[in-house]
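Trainee: One letter stands for each residue in the lines below.
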Amino acid sequence: MSATATHSTVPEIRAAAPSLAATALGPMGLGVVLLVIAAAAGIGGGQVSRFWHAYLLGVSFITALSIGALFFVIAHHLAGGRWATVIRRLAELMASAIPYCAALFIPIAAHILMTDSGALYPWNDPTIVAGNELLEHKSGYLSDGFFVIRMAIYFGVYTLLAKYFFGQSVAQDTSDPLARAKMMGARSGPAMILFALATNFAAFDWLMSLEPTWFSSIFGVYFFAGSVVAYVSFMILMLNFLQGRGVLTQSVTADHYHDKGKMLFGFIFFSGYIAFSQYMLIWYAAIPEETQWYAIRQFGPWVNFSWFLLFGHLLIPFLGTMSRTVRRNKKLIGFWALWMLVMSAANLFYVIMPQADGVEVGNMMKHPLPLPWLEALCVVGALLVFIGALVRNAAGKNLLPIHDPRLPISLHHHVT
Amino acid sequence: MASAELAAVPEPWIDPPWVEGANTYESITDKVSEIALKRETPLAWYIAFGISSSLAGMFGALIGYLIFTGVGIWGNNSPVFWGFPIVNFVFWVGIGHAGTLISAILFLFRQHWRTSINRFAEAMTIFAVVCAGTFPGIHVGRAWLAYWLFPLPTSQLSMWPNFRSPLLWDVFAVGTYATVSVLFWYMGMIPDFATLRDRAKNKIQQFAYGVASLGWTGSASQWRVYEKAYMLLAALATPLVLSVHSVVSFDFAVSQIPGWHTTIFPPYFVAGAVFSGFGMVLTLMIPARELFGLKELVTMRHIENMCKIIILTGSIVGFAYMTEFFIAWYSGNGYEKFAFINRAFGPYWWAYWIMVTCNVISPQLFWFKSIRRNVWVIFIITIFINIGMWFERFVIIVTLSRDFLPSSWGYYKPTLIDILMLIGSFGLFFTLFLLFCRFLPIVAMSEVKQVMHHVDGPAKAGHAGGGH
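Here the protein sequences come in this chain order: A and B. For the first sequence, the residue numbers in the working numbering are 73 to 488. For the second sequence, the residue numbers in the working numbering are 938 to 1405.
One or more hints might be untrue.
Calculated lysine-lysine pairs in the DSSO-like style (CA-CA distance at most 27 Å, straight line) [claimed, not checked]:
| # | chain 1 | residue 1 | chain 2 | residue 2 |
| --- | --- | --- | --- | --- |
| 1 | B | Lys1245 | B | Lys1140 |
| 2 | B | Lys1138 | A | Lys254 |
| 3 | B | Lys1165 | B | Lys975 |
| 4 | B | Lys975 | A | Lys254 |
| 5 | A | Lys210 | A | Lys254 |
| 6 | A | Lys254 | A | Lys403 |
| 7 | A | Lys235 | B | Lys968 |
| 8 | B | Lys1245 | B | Lys1165 |
| 9 | A | Lys210 | B | Lys1274 |
| 10 | B | Lys1165 | A | Lys334 |
| 11 | B | Lys1274 | A | Lys334 |
| 12 | B | Lys1306 | B | Lys1232 |
| 13 | B | Lys1274 | B | Lys1350 |
| 14 | B | Lys1245 | B | Lys1232 |
| 15 | B | Lys1350 | B | Lys1232 |
| 16 | B | Lys1306 | B | Lys1165 |
| 17 | B | Lys1386 | B | Lys968 |
| 18 | A | Lys235 | A | Lys403 |
The set of hints was computed from the structure by calculation and includes no laboratory data.
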């Protein structure tokens, strides 16, 4: 039983050249330019609310990718994982892009702190809050200062965790691989608790408070599940891309795609289950404070988008990723990964965009957007910044933890 | 090269041999089948069986008393119409979750350690579901009409159950769960029944195990079909792990009752069920491995792994408590806020804090390896978990005692009959369990043997590199 027999004789590329750091500036710069264009076109075109929502969509999308990757890294250590060691460094790189996500959140923080505009978050507008008992009740919590402090705490936690696990992992390449692996395992438990708390409340703040009178206790889990779907999709696509360029061609095998594919399948189902739980309970109880969120999405122009998401994010890819043959074929699972990455953005679009133009709280007549060019611009812009961050983080690093004690097991991983 | 590379993997990441000691295929068969086949039943078993079957008998007698007298013998009354019976139902359904999780989800996750404990956990699941099913059956009031729960076409009834009621969904969810669990459990036992049949000395045993083994010969074609069926049942059972307790959570969460209606209920109930299920598996497994000499099959690593699942699910439960509390405040809904404050500081504050202490705080002790390796401490903590999870359901249900209208508030008090019936249900559970331990193969012999030569790490790379 020799796993090496199937390997080609061409050596794989296992490290990123230090010169990539300069290359990273290209996509990053282009991304920022696109975001600036979006701002100019949106705000300049009088679509202030729409722009801010689209911008939030872009930055939450890449933040979700980072958060999903961070979860995977921590879970890998926590579970004493082995099979995923070969792709762990790539996940660490994605997680380490979190400071760039934080940087892109700065304009939102500035918008909240420096204006009284309710264009993005209606609770930021004192005229909306005044006289609204429900909003006055939580005006201490949903206030600009406290909101921004919390945002800094979430990003602080994420950055700390991402930096710690990435830093230790890179240090493992040169010294004490065993001791560091054990230490990362030991720290992964508290790390997971911090991660869960940050993600839960971040989702409440960034996305749920777009409709400040609405609440759903499962919302943090909903955002988390979607983030993991986005992360797995991106990872599969990245592996496809890198292997096409001679990177990790031998280390990452059909078995790793198979397991990543299973994870995608599992989380498609899990996120569907969570979305169903939320919808089902709110629909059944029919309490107006809760149904308002779905009312916008279910009646009127947004209803088609809801159907699109039900089939596109759950039912079709659920069937598509069910087969073992698909999961073991990197091109086929790559197709579904691309599908789900687009759907992940669509899922956030569904959460964020119907709230646009929502200056009037509880306004049922919120309009859908004619053609989502502004949103696409923001998502692509943010994604370019994210890719630039990935490349920059990768420069000069090994692309797999070459001395991790578990690497041999992962390299010989076979799905049974 | 592969062997050499893998041989360098340090100890923490190599699956240990999941069977300890100098065991062979034969010694495993000897040990497990001896429990079912040996003529002398241990005295301890008789004592335990005597106590639990008496309690089960009491449970039966009380059900008779209930049917003849009516549900007035319980403490259920306005405004808490769902008293102990529903608390007990949800508690027992929850206990029944570890079996499927171990059989199905851990199987799909390639967790080889499950083989020593899956049979045991599956049996426990089924007995817990039996106890669970009893309570709604007798809670309907006129127990002789309990079959109305099913949508039966009958001319005399001229009506159907309400398909929009989660109580009816429960009938389907729990019914499906029980069916699939029994199938899974029974199918897994067939090869082991055949082993017992071949080793049995007396005629009755030969006949009984012979019938139960359904003509199993162990041929390659039988194994092929068996493995395929096992895989399919595992895949089928996986969504059931989520569905059953999600539907049970719907019993509460689809309503508009403050404290019951919150969207995190489905995943929170599932996590809680797995948490309590593992608690109960450990409570039973720790004495059983001692009594039946199974310490080499159910090793400390097995117990440690279960403790880790308990920390995970216990933390999720704690996380859900915190989230629902936060949302109750954040919602700005006065009733919602009141329900939660009332839980923690109202007349049932003691139940709430028992719940929090047992479910959130006690499992956190498992972060320490020394505690995860001390069976006595683990045993005590798992008892706390069982108590805590019972109280969780109690806390949820007594939320009814203070609803929207202060004039209709009340204080729910269980009667002696309520308490005796709860104890009686434990009697039923343990009676079934002791019968299982005495007469059936309590460890999946054929599956344990598969992992003996199926260890991740050096052994997998070839015999040359095998360390054991």
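Trainee: Each hint should be assessed against the structure and marked as holding or not.
Mentor: Hint check results:
1. Lys1245/B x Lys1140/B: Since the Cα atoms of lysine 1245/B and lysine 1140/B sit roughly 45 Å apart, the hinted pair is violated (cutoff 27 Å).
2. Lys1138/B x Lys254/A: Outside the cut-off at roughly 52 Å; violated.
3. Lys1165/B x Lys975/B: This hinted pair is violated, its Cα atoms lying about 33 Å apart.
4. Lys975/B x Lys254/A: violated (46 Å)
5. Lys210/A x Lys254/A: violated (43 Å)
6. Lys254/A x Lys403/A: violated (35 Å)
7. Lys235/A x Lys968/B: violated (51 Å)
8. Lys1245/B x Lys1165/B: violated (30 Å)
9. Lys210/A x Lys1274/B: OK: lysine 210/A and lysine 1274/B at ~13 Å, within 27 Å.
10. Lys1165/B x Lys334/A: Answer holds: lysine 1165/B to lysine 334/A is near 19 Å, not above 27 Å.
11. Lys1274/B x Lys334/A: Answer violated: lysine 1274/B to lysine 334/A is near 41 Å, above 27 Å.
12. Lys1306/B x Lys1232/B: The given pair, whose Cα atoms are some 19 Å apart, holds under the 27 Å limit.
13. Lys1274/B x Lys1350/B: holds (24 Å)
14. Lys1245/B x Lys1232/B: holds (19 Å)
15. Lys1350/B x Lys1232/B: This hinted pair is violated, its Cα atoms lying about 43 Å apart.
16. Lys1306/B x Lys1165/B: Not satisfied, since the Cα-Cα distance of roughly 38 Å exceeds 27 Å.
17. Lys1386/B x Lys968/B: Roughly 13 Å separates the two Cα atoms, so the pair holds.
18. Lys235/A x Lys403/A: violated (32 Å)
Checked against the numbered hints listed earlier, the structure breaks hints 1, 2, 3, 4, 5, 6, 7, 8, 11, 15, 16, 18; every other hint is satisfied.
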